[in-house]
Amino acid sequence: MDLHVIGPLASPAERAAVDRVLGPPESGWVGGARRPGIEGHAARGGHAIRARRSQLLPALHAVQDRIGWISQPALNYISRRLAVPPAEAYGVATFYALYSTKPRPPLVAHVCDDIACRIAGAERICEDLARAVGPAGEAARDGRVGWLRSPCLGLCDLAPAAMITSAGDRPTVTSAAPVDAAGILKRLDGTTVTRPPVTARQAGDPSIRLLRRIGTVDPGSLDDYRASGGYAALAKALDIGSEAVVAEVTGSKLMGRGGAAFPTGRKWAAVAGQPAQPHYLVCNADESEPGTFKDRVLLEGDPFAIVESMTIAAFATGSSLGYLYIRGEYPESEARVRQAIEAARDAGLLGPDILGSGVAFDIELRRGAGAYICGEETALFESIEGKRGEPRNKPPFPVEVGLFGKPTVVNNVETLANIPLILEMGGDAYAQIGTEGSTGPKLFCLSGHVERPGVYEVEFGATLRDLIELAGGVSAGRDIRAILLGGAAGVFVGPDALDMSLTFEATRAAAATLGSGVIMVFDETVDLVDTLRRIAQFFRDESCGQCVPCRVGSVRQEELLARLAAGSSARSRDEELVLLRDIGQAMRDASICGLGQTASSAIESALRRPELVAL
Amino acid sequence: MSEETRGLSMSRDPAPDPHTPHGGQAPAAQPLTEIILRPPARPSRPPTAPPVEAPPEVELTIDGVAVAVPAGTTILGACRQQGIDTPTLCYAENLTPVNVCRVCVVEVTGSRVLVPACSRKVEAGMDVQTDSERVRLSRKVVLEFLGSSVDVSLAGPAVPDGTIHSYMDRYGADPARYGNPAAPATAGERDDRTPGHHHAAEGDATAATVAQPTKIDNDLYVRDYSKCILCYKCVEACGEDAQNTFAIAVAGRGFDARISTEQAVPLPESACVYCGNCIGVCPTGALMAKPEYDMRAAGTWDESAQTVTSTICPYCGVGCVLDLHVQDDRILKVTSPLDSSVTEGHLCVKGRFGFEFVNERPPRPQA
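Residue numbers (the numbering used here), protein chains in the order written: chain A, 1 to 615; chain B, 1 to 367.
The following block holds chain B by itself, in its conformation from the complex:
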C-alpha cells in the first residue's frame, strides 16, 4: 500500500487495513462487509467538556409560591419555569438583555420601583409579584405608550409567550386614550431632529408618533421605522452580540431617538454588510426582507400557505442551520433557529439572502 492510500484510509476510516501484512489487530472473524457497513468508532473524538458543577439552588417566592431555581437565573427565567406568562419585547435569548421596553416589569418586595424580570437575577428570599395592581398598571400603560406612538400591527410573537396584541387585551391597554395620531413626519425629518429642542405640543388633542415613510434604499431589506419600538436588538445584533459590524446605532435623544447609520446615510453607503441579523431579531416587522415587504404590500404574503424547510447552508463549511420559508414553491425568506448551537439564530449575507439562484433555476427540461 502506498503512503498516499494509507493516509487516505487513515483519515476516512481508522480501521486497520485487513490486507496489510501487519495489520493483525482486526478480528479475523469479522467479515469485511461488516467493517465497511459498521466502521468502528473513530479513535480521535472531540474531547468532552469537563463536567460543570451545577449552580446552587436559590429559593424565592413568586406569586406566593415557593420556587427553587439555579443561581444566576433571571426572574424571567424563573417565571417561565413556573409557567407564568410574562410579556417581553426587547428581550431575546440570543442577545444581552437591555431591559428598555419595561413590559416585563415585576414587583419585588422591598424594591422602591418595579424591576425588569428579563435582566434581574434571582436572589435568595426574593418575594416577586407578577400580577399585582402596580405590575398590571405599568404593563398596561407601557403597552399603551407603544401602541399610541408606534405601528405595532406586525409586532409578532413575543417569544415564546404571546403577541403584543394578546398582552394589550390582557392588560386592557387602550392606546386611543392619548388622542388621535399626529400627522406623520416627512422623509428624513426625524433624522434631522436636534436633541433638547422640540416644538411644544399644540394642545390639539393629537398624540405624537414615530410615523414616517419607509426607508427603501437597497434590494435586500427595508427599514420601516414607523414600526420601531427602539428595543436595541438590531443594534446589538449588528454590533457586539453577533455581527461586530456596528453599522447602526441609536442616534438622537428622547422621543426623537432613532436607529440610524452614521449621518443617517442610506444603507449602501454605510458599513452594513447585509447579514440581515437585524431583521432576524426585529420583533415588530420594522426591518423586513424586501420580498416579504413587497408581497405584503401587494397582499400576496400568506403565512398559512407557507412551509418551513430546515436545511444546511450550502455556501461554506460552517454548517449553519437554515429555515427556508417557502410559498408557491419559491423561497421568500431565510431564518435560523435561535436554539441552533451553530448560529444562535444569526446568519451571514449568503445564508440569509443568497437564495435567489434557487428561485431563478431554469425550468426542468421536458421529456
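Next up, chain A with everything else stripped away, as it sits in the complex:
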C-alpha cells in the first residue's frame, strides 16, 4: 500500500493532540521531522505501524476533544501516523456520531430527544434552544456554541437529559440531568455544572447485592472497596484455580445480562479451552439501548467491582489483556473506571503479577464515539480494532474468532457484576436465587411515568407489577397505557401483562423479552404514535448500513409510520400493516446482526394491539 496523503499540514494543536495519544512521531515517514542521518533511505514502520491501527479511535477522539472537529489535515496526520489509508480513516470518522468531519463549535450541547426524555419534555427544550441558540447542528455565537439532538444518553431516570462537550486544551464532557433549556443555556455560557453522584433508590435495603455499594461506599476509594468486601472474590478465585472458577460460574447458571441471555459459564469454558493464543476479554459497557442505564450506575457507583470481576473473568479464561469499551456518552462513569483501573494497577491488583500469584492481566479502557451498533459484540471488536462498527457475520463466534481474530470472551457489565457474588456464595447457592431457568439477582431500569424512576434490584421471579410498585407506581396515580420491555429492541405490553413474572422463560413464553432490563412505563397521557416514530427514527439513525434489509428496511419502516401518523391515503391501513409485517420479517430473518433483527420488534408489537395505539 502506498499511502497517498494530500492537502495542507495539520496545525500544531492538532498534531500535539494526536501525539499525546500516539507519542511523538518516530520518523519523517510518519509525519515527523526527517532525520537523514538515522533514517537514510530506508523506510521504517510498515507492519509495526499498521499493528497500531487499533489506536485510530483514540487518535480521532484526541483531535475531536482538542479542536471540536476533525479537519482533513488532522485526519491526514493520523493516517500517516498509523499507516491507515486516508479514505479508510475518513470512512471511520464519518461512521461515529460524536466525531465531526465538518467544522463544529467547541462547545456543544447534545440534547437527548429519545423516548424517555420525550415524555419528559425534550421537544420543548429543543424548541427553546432553537429560539435561543439557532437551529440544531448550526454554529451560533460566532461559531463558539451549538446544539444537537442525541439518541438516548442513558439518563432516563433523570430525564430530560443532555450532554455538554467542550473542546479545548482541557476538554470536558459532562452530563446534565434533569435539565431544562435554561440549564443548558447556562452551560453553553461556559458554566460547568457537575451532576450529583449516583445513588441507589434501594440504598440500605439489606436484600440488595449487586447495588449494595452504590451511594454508600466511596467509588473513588480502593480502601473503602476492600473494606466492604472487595477483592475477596479475586483472592478466592486465585486460590481455587481457573477451572474451578469456570465450574462455579457454570454451576450458578448465570445468563448474560446484555440482552442475549447466553450462559456465561459456557462462554467462559469455550474460550478457556481454545488452543489459539492470546485470549482476550472484553467488557461491553457500550450500553446504548434506549431506556437502559443500569451499567452506567454500576460503573459510576461501584467501578472497582467491575475491575475485580474482569480480573476474575480474565483469570478463568486465560486472557492477559482486557478491553473495557464504554460508550462515549458516559463521561462520569468513564472517569470513575479510569481512576479505578489506575488505583488497582498501583496496588498490584492489575499488572504482570496480580497479588503475587504470577497471573498477569491489565485493562485498556476504550471510549465509544456515538454508535449504538457497537454494543453488538462483533461491531465492538471492529471498533476496538479501529474500524467502522460493522458487525461480522456469525459463525465463527467470538469464542473462536473474536477481537483481533483471537478467542474472546465478551461480557456485559451487569453480568460481570454477578461474578464476585457467585464466588463468594458458591455457584450452587447462587443458583438457588431466582427461578429454575433464571438465576440470581437482576437489575431493572425503570423510567417513564413512574413515581421514582431508577435502577432496581430484585431476585428473578418478581412480576412487572412488583417492580412498578417498587418504583412508587405510576406517576400521579394515573392508569398505565403501555409498558416497553427490553428497550427499543424490545416489545410493548399492555396493563394485562402486569402479573407476568420477569424471567427469561416467562417473557419468552409471552413472546416478550427482558432484553437489557428496561421497564419504561407510559400512562394514558402519552402519545404512543410519537414514541413509535422515535423508535423507528432511532433504528434508521443507528443502522450501520452494511446489509440491505436493515439499511433500507429501517428507512421504509420509518416512512410507513410517518404515513400512518399523517393519515396518508396512499394505502389502506390493512395494506400498510401487511407491508410493515413484510418489512419486519425480512429485517428479522435476513439482517446480519441483532440490530436489524429486532428493529421492528417494538413497533410491530404495539401495532398488533389496536387498544395500545390507534394508527
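Hints should not be assumed to be uniformly reliable.
[What the hints assert, rightly or not] Distance condition first, Cα-Cα at most 27 Å in a straight line; then the derived DSSO-like pairs of lysine-lysine:
#1 A:LYS394 x B:LYS290
#2 A:LYS406 x B:LYS121
#3 A:LYS253 x A:LYS406
#4 A:LYS102 x B:LYS215
#5 B:LYS215 x B:LYS290
#6 A:LYS387 x B:LYS121
Derived by calculation from the structure, the hints in this document are not laboratory data.
Based on these hints, arrange chain B on the given structure of chain A.
For chain B alone, kept in the frame of chain A given last:
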C-alpha cells in the same frame, strides 16, 4: 562455437549442438530439420505442485436431496453444484464474500435466522431449504428494498445465474409498494450527511432513494452512485483483494452510507490509480468507463453489435488476458475474464484504459 552463441543456444533450445565435436548425445539418425521443427522437451520445466489431498466430503441435505460436497464448500457452491439457481449481488468469485446484500439467504434447520449462502460453509448434516416461504419472502423484500432505493436498471447479470430483474419477477418483487421515489439529492448532498442525524420522514408517501447526480471528474470512468447498492465489491477490489490502493472506502452510516474517497474529493485528487478494477467488479453499472457512459447517454451503445476479442495485453511481460469489447471497429471497453489464472479479472490502468492508440491509428495509406 563461441561462449556467446553457446549461451544463446542453451537458452533458446537446449538440444545439444550436433556440430560440436563432443555433443554426441543427439541421436545421429535424427535429421537436423526434425530437431529444428520438433525440439525435444526443455530440461528445466517449472516444478509441478505437490499433490493436494482432496478435502473430505461433507454430506448435507439441500431441498430434501442428499448431497455430498468437499468440505470448505459454501452453501452457494453446493447449491450451484446441484443446479439450484441462487441469486447473488455482492458475491464475486474473485473477491472475499462480504455477505451484505442478503439476496442469497437460505433457511438452515436449527438456525434462528436465515443464513447467507455465499459465505456460510457447509456442515455435516446441515438441512438447507432454498425455496421455503421464509426464503422467498426475504429475497422478495430485499429485492424490493433495492429496487425502491437504487436505480437497478443496469444491474446486470448476477453471475452466473440470472439478472436482478429475472429474480424480481421470480419472487414477485414490487418496489413500487413503498411509494413513489422521493426527490433526488443535489450534488454532494449525500456526501455531507452526518451520522445519526437525518430529517424525519414527512409522511408524504414517498420512498427515500440514493438518487443523485453522476460524478464525472475524469476522462476514464464515471461514478453514478444512484445505481450503487453498496455491495462493497469496489472497495474490496481497490483494497485488499486486488489493487491494494485503498482509494475508496465506505463512509457515513445507515442509509447515508456511501462509497467515498477521503473527504469525498474528486478522483484526480484522490489516491486512485485508475486501474479500473472497481468498474470490473461493479454489478450495477454505477461505475462505468467513460466511453460506455457517453455512448449510453447518446443512445449509441449497442451490445448486440459488439464483438469480444480475447488477446494478451501488449504492455508488459505479465501476460494479462484482455477481452476487447469492440463496436463499429472501435475498442470501447476492456475487461479480463474472472477465470484467467493471470488476472482473476483484475487489470492495471494500461490494460484497462490504454487502448486509445488503437482507435486513433492513422488511416491505412491508400495504394
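For each hint, the structure was consulted:
1. A:LYS394 x B:LYS290: With a Cα-Cα distance of about 40 Å, the restraint between LYS394 (chain A) and LYS290 (chain B) is violated, given a limit of 27 Å.
2. A:LYS406 x B:LYS121: holds (20 Å)
3. A:LYS253 x A:LYS406: Distance ~26 Å between LYS253 (chain A) and LYS406 (chain A) Cα, so the pair holds.
4. A:LYS102 x B:LYS215: holds (21 Å)
5. B:LYS215 x B:LYS290: Between LYS215 (chain B) and LYS290 (chain B) the Cα gap is close to 11 Å, so the pair holds against 27 Å.
6. A:LYS387 x B:LYS121: holds (26 Å)
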